[in-house]
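A.B. asks: The chain contents come next:
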Amino acid sequence: MADKNESCLLVRNVSFAYEKKYPVLHEISFEAAPGETVGIAGANGAGKSTLLKLLVGLETGFEGSIEICGIRLDKKNLAAVRRHIGYVFQDSDSQLFMTTVEEDVAFAPLNYGYSADETKKRVENALRSVNAEHLAKKPVYRLSGGEKRLVSIATILSLTPEVVLMDEPSSGLDPKNRRNLIGIIRDLPGTKLIASHDMDLLWDTCSRILLIRDGRIVCDGPADDIMRNEELLRENDLELPLSLQGRR
Amino acid sequence: MHMADALVSPAVAGTMAVLSGAAAVYSVKKLREEDDPKRIPVMGVMGAFVFAAQMINFTIPGTGSSGHICGGFLISALAGPYAGFLTMIGVLLIQCLFFADGGLLALGCNVWNMAFYGCFIGALLVWKPFMRKGATKARIMAASIIGCIVTLQLGAFSVTVETLLSGITELPFGVFLAAMQPIHLAIGLVEGIITGAVLVFVQDARPELLWGVEDEGREGRFTLKKTLVILAAAAAVIGGAVSLIASALPDGLEWAIGRVAGVEELEAAGSVYESASSIQEKLSFLPDYAFKGSESAAGTTVSGIVGAALVLALCVCLCYILRLFMNRRTNEQN
Amino acid sequence: MSRIEKAVFELNSIEDLSRQNRWVNRLHPSVKLLLTLLLAVLAVSFDKYNLPGLLGLFVYPLFVFIAGGLRFKDALRRLWIVLPLVVVTGITNPFFDRQVQFYIGNFAVTGGMVSMATLIVKGILCVLGAYILIATTPIEGICRSLRAFRVPKTIVTVILLIYRYVTVLLQEADRVTNAYLLRAPSEKGIGIRAWGPLAGGLLLRSMDRAQVLYESMQLRGFDGEFPEGLHALFYEGRDNRRLSIIYFAVWAVILVLLRIVPVAGIVGSVFGI
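Listed in order, the protein sequences are those of chains A, B and C.
Take any residue in the first sequence, note its place counting from 1, add 181, and you have its number in the numbering used here.
Take any residue in the second sequence, note its place counting from 1, add 564, and you have its number in the numbering used here.
Take any residue in the third sequence, note its place counting from 1, add 16, and you have its number in the numbering used here.
If you are wondering where the hints come from, they were derived from the structure by calculation, not from laboratory data.
There may be inaccurate statements among the hints.
[Stated by the list, open to error] Here are the simulated lysine-lysine pairs, BS3-like style, with alpha carbons at most 30 Å apart: (1) B:Lys-602 - A:Lys-257; (2) C:Lys-22 - C:Lys-89; (3) A:Lys-318 - C:Lys-89.
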């Protein structure tokens with residue numbers, strides 16, 4: 182676990198409810214070190230997506246505190262926080278709203294005031310880091326599902342964030358695109374938080390796992406320990422990664 | 565109801581483009597005042613929704629044909645008239661460019677005939693007053709039906725006037741109008757019910773999405789009563805003007821032009837004059853309802869029957885073709 | 017193919033054409049937009065009996081069809097949409113305007129026939145004019161040029177967003193209607209009980225999508241307006257400016273001349289017809 186000073190993501194006693202009667206998250210606390218890849222595992226409705234939304238300030242009004250790269254998250258400094266943290270949505274079609282790939286990737290850098298030249302450079306770099314340079318001029322709606330997912334990630338990378346959050350990155354991808362995505366996630370720099378119930382994806386990309394059930398962290402530890410603990414997984418409505426099932 | 569480029573003269577197209585443009589500029593200003601950053605994504609996605617939803621065929625019970633939603637009214641009931649109007653401009657532009665529904669030149673006309681009436685008249689004068697005391701299923705349905713009928717009637721009337729002013733058709737104004745208005749009464753009714761059904765569903769599931777629904781007690785600018793009075797007055801004025809023009813058109817217009825120009829007979833010059841003189845020409849097809857050279861009563865009768873049959877056949881054909889056309893095509897028309 | 021699928025297909029095929037790498041595609045979009053408008057204005061301004069003069073205007077669409085590698089077959093589909101409307105409006109002309117203009121053999125051609133034909137030809141010209149614009153110019157180009165003509169940014173942004181999501185929602189609409197029709201094999205459309213839920217469900221999902229879209233924009237620094245330079249960013253230097261100006265000047269002159277000078281008549285008289 183990372184030293185407190187080093188961590189670029191610090192979550193302390195965070196509780197949240199959309200409606201007071203129905204709390205979604207209870208007393209969530211964890212931190213992540215620079216470069217660490219953390220998987221957030223949990224069944225449907227466990228609170229994974231809500232947690233990610235809190236971290237980027239899409240949902241406010243939570244209790245506790247969240248710090249990203251030393252900046253405490255509150256309503257006033259949302260823009261500053263979002264400069265450091267990127268969020269890849271589950272539905273790529275809702276994330277990519279421009280008509281061509283390059284314009285979509287350029288949206289964030291231009292909004293954050295980068296010059297035209299710098300923006301172009303960033304677009305190029307971002308697309309290269311997901312092996313999608315050849316898609317730059319393509320109209321977004323002619324991309325395949327796998328291509329859309331890669332471009333979604335590129336739109337986030339164009340700001341070179343220190344922290345990247347991904348919500349179900351492998352959903353809807355065929356095996357080949359999924360494998361490709363896993364390779365790309367592994368190569369991405371920075372701290373990564375991946376929320377998924379695709380245990381194989383987490384097994385292949387994460388060194389550490391937070392297991393969430395009913396809005397509480399039930400377990401926080403090395404992926405190696407948690408992923409092999411069939412009983413623990415079953416208790417939380419999850420299953421062993423397929424790649425481990427044969428070797429039991 | 566989309567007008568094609570070929571059906572408008574440059575003068576009519578230009579005038580309507582200026583009118584629609586002014587409404588657009590006003591809407592942009594109003595929207596900026598509201599300053600809701602979420603407007604842009606909502607407008608974009610809702611525009612695409614209207615586009616797609618207008619392609620869905622809704623079967624009208626008891627008939628073989630189908631109806632569609634009324635896009636301008638629906639979107640304004642959700643996003644308000646200003647956002648609705650600007651969105652419909654986008655929808656109409658994409659329809660004309662990519663699907664040849666309407667045309668670039670006639671865009672001003674189409675925006676006015678469909679978006680302006682649907683969004684401003686439909687949402688501000690009908691929807692809002694109905695929602696002043698909160699939304700109920702009955703009120704939503706009533707507002708939707710009245711709103712769609714009113715906007716389609718106004719739209720059809722504008723199409724007729726614009727076509728006539730453009731000097732395109734030889735059809736007498738009255739006949740054209742008599743073909744357009746009743747068809748659009750029926751279409752308006754059907755579209756109103758379908759659109760109402762969608763809005764009722766929205767009210768059931770997510771009432772906060774409906775625009776302009778006020779809590780009881782707050783005084784709106786227009787009351788329901790006032791609105792009905794205004795609408796009735798407008799209908800009376802329009803109806804009166806229409807019947808006046810329709811009945812007196814050849815003579816009346818000719819007389820007016822003759823007075824303005826100071827001559828009895830005019831050479832065809834501008835489009836207005838041309839249409840007036842062509843109307844006169846066409847009436848001489850069966851002069852005095854008698855065959856040329858025949859003074860007999862038989863001649864009058866024959867010509868009367870032929871004339872009536874012709875007009876009837878024409879109306880029927882026109883209705884049929886128009887309906888077929890309205891049904892078959894996407895009917896994006898609001 | 018359902019009508020919705022056809023629409024998606026049509027969109028895709030135009031999209032592909034517009035992004036071809038031919039010189040016509042690289043002309044400045046404003047030039048093509050203005051020429052298309054000019055063509056339409058000139059076409060509709062022709063007298064209702066001046067069919068020969070009108071036919072002269074076809075040179076411009078013909079030229080772009082050939083230079084842009086477009087196929088008439090693709091454009092024909094769009095004519096089917098416009099022609100009924102034009103024909104309905106013009107069909108009464110032969111009945112009302114029966115003055116004989118000339119004879120073809122023994123067949124008397126009346127003014128009404130000529131004016132109806134003229135109207136139809138005008139319709140065809142305008143449709144082709146719009147087609148050659150959209151089939152050689154991507155939507156971003158058209159929007160960039162709308163911005164240049166001072167169309168408010170809100171409208172331009174919304175046009176682009178609608179265009180972006182039209183296909184997504186068309187496909188969704190196709191799925192829900194197909195899902196309905198597969199379970200109601202004897203029906204041709206959506207039955208009355210499903211009117212509200214089917215379209216309303218689509219609407220609510222669209223609203224949810226708009227919400228996610230807004231969140232995604234917010235996270236990337238959006239605060240109500242798109243950054244101004246975005247649409248121009250990747251196009252600078254891609255248009256052939258000098259060629260565009262020459263192209264516009266040449267075609268504007270040709271088209272206006274064709275409107276003023278009765279070329280068809282002159283050519284006819286040269287050959288002694």
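A.B. asks: Sort out which numbered hints this structure fails and list those numbers smallest first.
C.D. replies: Of the numbered hints, all hold.
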